[in-house]
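There are 6 protein chains.
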Amino acid sequence: MTSMVTLIDYEHAAPRVRAVYDDIMATRKTNHVNNFWRALAHDPETLEATWTRMKRLLGSGSEGTLDPLTKELIYLAVSISNGCEYCVRSHAAAAQRKGLTEAQYTEMLAVVGLANETNRLAVGYQVPVDDSLK
Amino acid sequence: MTSMVTLIDYEHAAPRVRAVYDDIMATRKTNHVNNFWRALAHDPETLEATWTRMKRLLGSGSEGTLDPLTKELIYLAVSISNGCEYCVRSHAAAAQRKGLTEAQYTEMLAVVGLANETNRLAVGYQVPVDDSLK
Amino acid sequence: MTSMVTLIDYEHAAPRVRAVYDDIMATRKTNHVNNFWRALAHDPETLEATWTRMKRLLGSGSEGTLDPLTKELIYLAVSISNGCEYCVRSHAAAAQRKGLTEAQYTEMLAVVGLANETNRLAVGYQVPVDDSLK
Amino acid sequence: MTSMVTLIDYEHAAPRVRAVYDDIMATRKTNHVNNFWRALAHDPETLEATWTRMKRLLGSGSEGTLDPLTKELIYLAVSISNGCEYCVRSHAAAAQRKGLTEAQYTEMLAVVGLANETNRLAVGYQVPVDDSLK
Amino acid sequence: MTSMVTLIDYEHAAPRVRAVYDDIMATRKTNHVNNFWRALAHDPETLEATWTRMKRLLGSGSEGTLDPLTKELIYLAVSISNGCEYCVRSHAAAAQRKGLTEAQYTEMLAVVGLANETNRLAVGYQVPVDDSLK
Amino acid sequence: MTSMVTLIDYEHAAPRVRAVYDDIMATRKTNHVNNFWRALAHDPETLEATWTRMKRLLGSGSEGTLDPLTKELIYLAVSISNGCEYCVRSHAAAAQRKGLTEAQYTEMLAVVGLANETNRLAVGYQVPVDDSLK
Chain A
1 MTSMVTLIDY EHAAPRVRAV YDDIMATRKT NHVNNFWRAL AHDPETLEAT
51 WTRMKRLLGS GSEGTLDPLT KELIYLAVSI SNGCEYCVRS HAAAAQRKGL
101 TEAQYTEMLA VVGLANETNR LAVGYQVPVD DSLK
Chain B
1 MTSMVTLIDY EHAAPRVRAV YDDIMATRKT NHVNNFWRAL AHDPETLEAT
51 WTRMKRLLGS GSEGTLDPLT KELIYLAVSI SNGCEYCVRS HAAAAQRKGL
101 TEAQYTEMLA VVGLANETNR LAVGYQVPVD DSLK
Chain C
1 MTSMVTLIDY EHAAPRVRAV YDDIMATRKT NHVNNFWRAL AHDPETLEAT
51 WTRMKRLLGS GSEGTLDPLT KELIYLAVSI SNGCEYCVRS HAAAAQRKGL
101 TEAQYTEMLA VVGLANETNR LAVGYQVPVD DSLK
Chain D
1 MTSMVTLIDY EHAAPRVRAV YDDIMATRKT NHVNNFWRAL AHDPETLEAT
51 WTRMKRLLGS GSEGTLDPLT KELIYLAVSI SNGCEYCVRS HAAAAQRKGL
101 TEAQYTEMLA VVGLANETNR LAVGYQVPVD DSLK
Chain E
1 MTSMVTLIDY EHAAPRVRAV YDDIMATRKT NHVNNFWRAL AHDPETLEAT
51 WTRMKRLLGS GSEGTLDPLT KELIYLAVSI SNGCEYCVRS HAAAAQRKGL
101 TEAQYTEMLA VVGLANETNR LAVGYQVPVD DSLK
Chain F
1 MTSMVTLIDY EHAAPRVRAV YDDIMATRKT NHVNNFWRAL AHDPETLEAT
51 WTRMKRLLGS GSEGTLDPLT KELIYLAVSI SNGCEYCVRS HAAAAQRKGL
101 TEAQYTEMLA VVGLANETNR LAVGYQVPVD DSLK
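Residue numbers (the UniProt record's numbering), protein chains in the order written: chain A, 1 to 134; chain B, 1 to 134; chain C, 1 to 134; chain D, 1 to 134; chain E, 1 to 134; chain F, 1 to 134.
Rather than coming from a laboratory, the hints here were simulated on the basis of the structure.
A pair counts as met if it fits within one copy or between any two copies, since identical chains are not told apart.
No more than 25 angstroms apart at the CA atoms, straight line, and that leaves these computed lysine-lysine pairs for DSS-like:
(1) 55 <-> 98
(2) 29 <-> 55
(3) 29 <-> 98
Next comes chain A alone, as it looks inside the complex (with noise of 0.2 angstroms):
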């Protein structure tokens, strides 16, 4: 497993890995390259479209029809469901970033709980769709 999830540094990349690092420098205005770009350099052609598409997604200046922060609480949802420590720190951090407050994140998990609950008691009760939402 070893040489597989090493963190590739600045140094040691290629010129191609090194372009997406400049522009997550750049755009996130740090000289720090979080730990998940630096393992996926392992596979630089996935971490270009990976970066592209949470560029456009995620990032604080993304077009759009919701806002920054709606998509980080979006994104954390699924991450908590998932069970993804890494993604749940990482975005934690970026949503604070945005301006997330404790109380908006409290009660992001709270949408968290019951809908993970409500989904197992649909399933459970083998509830089927309503007329009136098919």
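Since the structure of chain A is already known, use the hints to place chains B, C, D, E and F on it.
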């Protein structure tokens, strides 16, 4: 299974269940009680507790720091990740009543897809949490 | 997909598969073999191994320290969490044959709902394991 | 993330939170409040609602048609399927306090493993629901 | 929900969507565009990005170090674990076009079942990672 | 929890468990028995059944229509989707012993990510199964 998943109509409901049905109809300004609640009526205590929380957390006039539509999107994101068809259909309808547009729905879906992808990339690369995120 | 998901009838089954079908019918005192086993018959080795374990773990006269009904509830709880409709329906029927009441079923469901909710709260708050639990 | 996942001690807790802590300690006859509740204290309303349901559903003297140990096993089965380490550790301890033996725990685990396997076989073979189960 | 899940036909598709449809039909040598793409057409940007990745990763002539059939099996294994009926059916068909035999399909399923079982046993026993695996 | 998750050493193992340990070491040409098996030793019957299936399905010289490395990739894909760290680490090591390269691992991961994304898009758009796939 049959008896466990029947839907309980208003006429056959116990007073305690009827009280919840009445509140659902009054709150939603409708004379229709969704199948979910009519199935859950087999367990009056859970019916009451679940409706109370659903109303408090997702109700149109719910208090809190997140607006009701944002919370419906969070609920939908979780339900989609969990593959709950009933929950997706009923809350997509609820979200539409709160003003959800098609563009917002598809944008939420794109974020849900990205989160489900990157959650697994983080696991597959066994990415360690950055010191700055601890 | 067609050929892969056909159900194999007794008449068209190989001797090795028929032996399992015979044991299922004798054990359950019925002349019906559920679709699950008739699909699994495409892979006789897995059919045998799975039926052997199912009979040993969940059979009416199964040995062990948990009674058969409790184990059906455990099986159902997992199947509901995973959203497997076939598994929920077939094991709810099996549990009813072992004496499951509607009240027990709804109480199990309430616990399944609570577990699914609190599992996510624990992740969302990134709760560290208590020293006393290590 | 830091501020969101701090644990709230009794001394720094609001009266409403203290009331729940007091009830937890009195009910469990201990002067220790688990980290889960001390994290959930960031959201007093969810803390109250969750503790109330946990006490009612899983409490030692809980009413209902299933005994408390059976319900802990159901809770554990779900938590294991979802991969929630905190939930597994805390409820394994709770179940031990209610008399769980090692043999019962391993038998539950074997059923959880079987359910998770057969759930996927049912999906993979796209097994149609038997007419007799509808 | 209705408007969000309609399927967009070629005739009613925008030029950008038509270009993707054209490429799908040319690549697959068919005049049929699967429902998945016709639904995703509501979000042209995600349609383009997803088709590009699907073609690159799973296409018959895709480059890479894994052959296309192996990658279809990986795709199927994930979809079965997640319980996605649409994905199982559409990619089982795709895999058959790439030469998948029934014996290979059932063998893959047996591995998927084993993985889902042992994943939970590892969690249930809280197995620590071996020093030799770190 | 303590007693339930201890690892059972060869010296303290019952003869039936030792027989499995011996077979594991002989099969893998090593004198090390992984923690997973030493935990599972608490349930000798499940230990035997699981090892038998693991050896038959994933063993280096396993019969079947899929080669052992392909089956390790399938096993890994499921384990990553389920977020099982132990399973990912131990089977990544097993796959490396069977010749897995870093390029193959990252390509598998990209497919796993794509499947997890598109599974949810299919659910979110409630895509109906094509007539041609039924």
